[in-house]
Amino acid sequence: MPKTAFQRVFPYLLVLPTFVFVALFTLYPVTRTVTDSLYKPARRAADPSVFVFLENYADLFDSTHYLGARFVQILGNTFAFTLATVVFSVPLAFLFALLLNRQLRGTGFLRFAIFYPALLPLIGAASIWAFFYSDTIGLFNTILRGFGLTGVNWLGDPNVVLYAIVLLNIWKQSSYCMIFYLAGLQNIPRDIYEAAQLDGAGWFYQLRYMTVPLLRRTTLFVVLITVTYSFQTVEQLQVLNQGNPADRGNLLLYFIFQSIGERRNWGYVNAMTVVLVLLLLAFTLTNFLLFERRDDDKA
Amino acid sequence: MLQRSLRMLCLLLVASLLAVTPFVQAQAQVVVDFYYPTAVDGPITQTIQEYATKFEAMHPNIKINPVYTGSYTQTRDTIRTELAAQDVIVDVAVMLATDLTSFVEEETIVPAQQFIDRMENGEAFVANFFEAFLANCRDEEGTIWSVPFQRSTPILYYNADLFRAEGVEVPRNVNELIEVAQKLHTPERAGLLMPVAGGFPIWLYQSFAAGFGQPLIEADPAKVYFNSDASLAAVEFLTKLGMPTSEGGFGVGPMGGSVWGDTPTAFTSGQAAMIYHTTGSLTNILRNATFEVGVAFLPSGLPNENGEGYAAPTGGGNLYIFAATEPEVQEAAWLWVEFLASDEVQSDWGARTGYVAATRGAWEIDPLKTLVEEKPQYLVARNQLAHAYKEFDSYRSIDVQLIINNALSSIISGNVPLSQAKATLDAAQAQIDSLLAEYR
Amino acid sequence: MTRRKWRSYLVTAVTFVLAMIWLMPLVFSVLMSLRPATEPINVGNIFFGSTLTLDNYHNAWQVAPWGRHYLNSLIFVFGTLIVQLVTITMAGYAFARLRFWGRDVLLGVLLLQLMIPTGVLLVQNFATVRTLGLFDTHWALMMPYWGSAFGVLMMRQTFRAVPFELEEAARSDGANWWQLIRHVYVPLSLPAYISFAIVSISSHWNEFLWPFIVTRSEDVRPLTAGLNKLFFTTEVGAQYGQLLAGTLIVIAPLVVLFVFFQRQFIESFASSGLK
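Protein sequences, first through last, are from chains A, B and C. Numbering follows the working numbering, with no gaps: position 268 of the first sequence is 268. Numbering follows the working numbering, with no gaps: position 407 of the second sequence is 407. Numbering follows the working numbering, with no gaps: position 191 of the third sequence is 191.
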């Protein structure tokens, strides 16, 4: 049956609103970002920028360059930070969901206790942790001193700072992810467990061979959002340590913002943005393909 | 039930959305967009609004639109975003002295000089400001580009009751500083808290670099002295403050220094005998301390023949008028700048916040005059201006600052051992020189 | 059986301990916010000061127009969400069920958008918003998010999982496209919508940079701008009591809502069969 004119146009009408906004607020600026990353601003603001092709990128990986000297370290931090967040928050979220999925007296309270971090805007959450981590008048160090121990310089010690930031992130992110696992768990039909129990399947067996595989999709989803959020961490750093000390507590997107204030860095800022986007894109593609494969399994 | 209430909620929200749709309003007035950051306590927004209202009563055809733009860094980045988008909204802003050279070079701002030259009493207007503050408002040729507004300087706060009880004198140079700090240091109480742990160790570092004989910058904004012997001595000194005596340090505070905002609170609660901090904290510290607070010049230098070694940078924000603004708005903005820099406002602003009123006249009138009589601590910062140095500012100042802060933080936090301090400073200096080469 | 009981106790204990750890920041925020400002915590006394006081709340309340910020945040997150729900349903359906020229290219473009932090496109997007004349309005906050690749891809996934026979059956009953969406696709995809809503709401609720750049007046700025201001009052001496009181003011309404609606909230997932 040949399509009518309307049927031919219809799909485009459906995607039009989305693409108007995507084009305006993503495609256009991204194109600008990529092209701008190939230029260096001239010394005088009024002069046109100079085309340097990939030189900005080369500088970023040159350890004698004033940004390059820091970029690689910060990139490494960003990976470590993201990996640690995922490795700890996702299993924790799963554990929380398992624990809270049971019908217990006081479940509502326990759910609240674990979920409320997700309700806090990041700046607010970081403010609380700033109080915990404060070197002289903070909670953690005061408690430690109470036990006769010397305090830890949570945000000032180069070997500690990244852990401190990760800890806050885990606290918040695991709460958030827990909700998705909880929803997933509530949707696994009870009867399949009952059947398994009749077959003599143990608690661990059920967990390992039934619950975990059944929640595979949820896991992919949760990993995806956790990685995205972690890669884009800015607010915590702004409140807690401004990337200090010595960049050991710095992350990529925050570094980009630190550099944005200087007009002459414009090329670098764009080049770093492109690197960030490419990294995220590589990850998303992998994740997306996993989603897709799952779909094809079904078909 | 839930569904229905959700639907109601949606409707309500859509309705409220429509209600806030922007509407265009005809305006015969000149509107001046004024961006200000704040790093001080208290209801700053209300105070600024008060000034605006007072100003508008004097100039009915001008409307001031004060916009709170976060920290100094956030303010600068907001303005930088507007500049990068080639669409400048701001007309006049309070920004750091460190922004001057870049903005002058880019012709982003207009010189205050052009307005001053047209004033009847222009010379008196300029002479009314303390010279130490004007140093960061001028370019190399002496043209004035910005006007001091909320200026500050770091000072030494000490626990006067404790000093009396222990029978110690107020330190006048680095040697005495360490002596006193070590004497007063206990496990529960730091002898001296030096807030260099956060993002901007550069400010306090400058007082030591100058105190040891070589300020970080001099008149030429294309030359930075970061790997001088004085600079190395300054960094070593700052690092040793937190190092235990067993490792050759002074052991009078936490390793890596204290956090900026926590320092005054630790001090007022008796957890530190002395701190370095901005005058901007004075009002807050006097209010919260349960003991007599002493204030003194920064003893950051080696003793001279009188045993004195004082050195301090200036700091805080100046008023900048932007070049992209229409001429008639610039004129209005200048009136606003003049108003904010007047003795009356400076006196009030200084008394409320602890910023150092930037004009001499401000100290002769109330409320500052009475306040100084009651609380002489406010005078110390002003008198210290005799020992003040120009605050760091250079070409590419944002990048240079980041390089310096990063190097300082590496050494002071112990990320790099002291034995490599010189190499770290040299590497940073090389990066700075490569950035500044084209400006020489 | 006893072993089982023993294990049940253990699990309960573990849950309780973990919940307490997670709750600690809230508990100490409350305690700290009730302490007099002149008494920071010290060794031997980390719980209470010499007296309980609401001064911190009083001071924090004056830092920013919280009510206005609250309303702005709600407008921002829900105004974004409502439009998103419409656009992602439309586009999601097209990508899931329709064939059209250029579909794969468009899909690729969406993937590109998926992971780009809007924060890094600040300058260009600021310029766009100015050009459109929307600067310092609620529209400026929301608009960049109205085209949501994340949502479209999610709905595409979900719609593809809806058995095609259902669509055919509905069509043979004479249902038009709108009815098809309304009565077949949407009801079967509720969990996906809810998941999307949670992600969307929580990410915009947290958002600071974009709102801060495209707005200037407090009539439009969301809660995060108020929190930012609150945080910078610590520059002249960290008043953690005041800072935490402000933070608590911000989360209090949400906490109350959650306490009342948590059952419905959780069950809305359960009844709808999220996968």
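To be clear, the hints were calculated from the coordinates, so they are not data collected in a lab. Just so it is clear, CB atoms sit at the ideal spot from N, CA and C, and this is done for glycine as well. Errors might be hidden in some of the hints.
[What the hints assert, rightly or not] Short derived list, chain A residues pointing at chain C, Cβ under 8 Å:
(1) His65
(2) Gly68
(3) Ala69
(4) Pro117
(5) Leu122
(6) Ile123
(7) Ser127
(8) Phe131
(9) Ile143
(10) Trp171
(11) Thr273
(12) Val277
(13) Phe288
Each hint, compared with the structure:
no.	hint	in the structure
1	His65	21 Å, violated
2	Gly68	19 Å, violated
3	Ala69	22 Å, violated
4	Pro117	7 Å, holds
5	Leu122	5 Å, holds
6	Ile123	4 Å, holds
7	Ser127	5 Å, holds
8	Phe131	4 Å, holds
9	Ile143	6 Å, holds
10	Trp171	7 Å, holds
11	Thr273	4 Å, holds
12	Val277	5 Å, holds
13	Phe288	6 Å, holds
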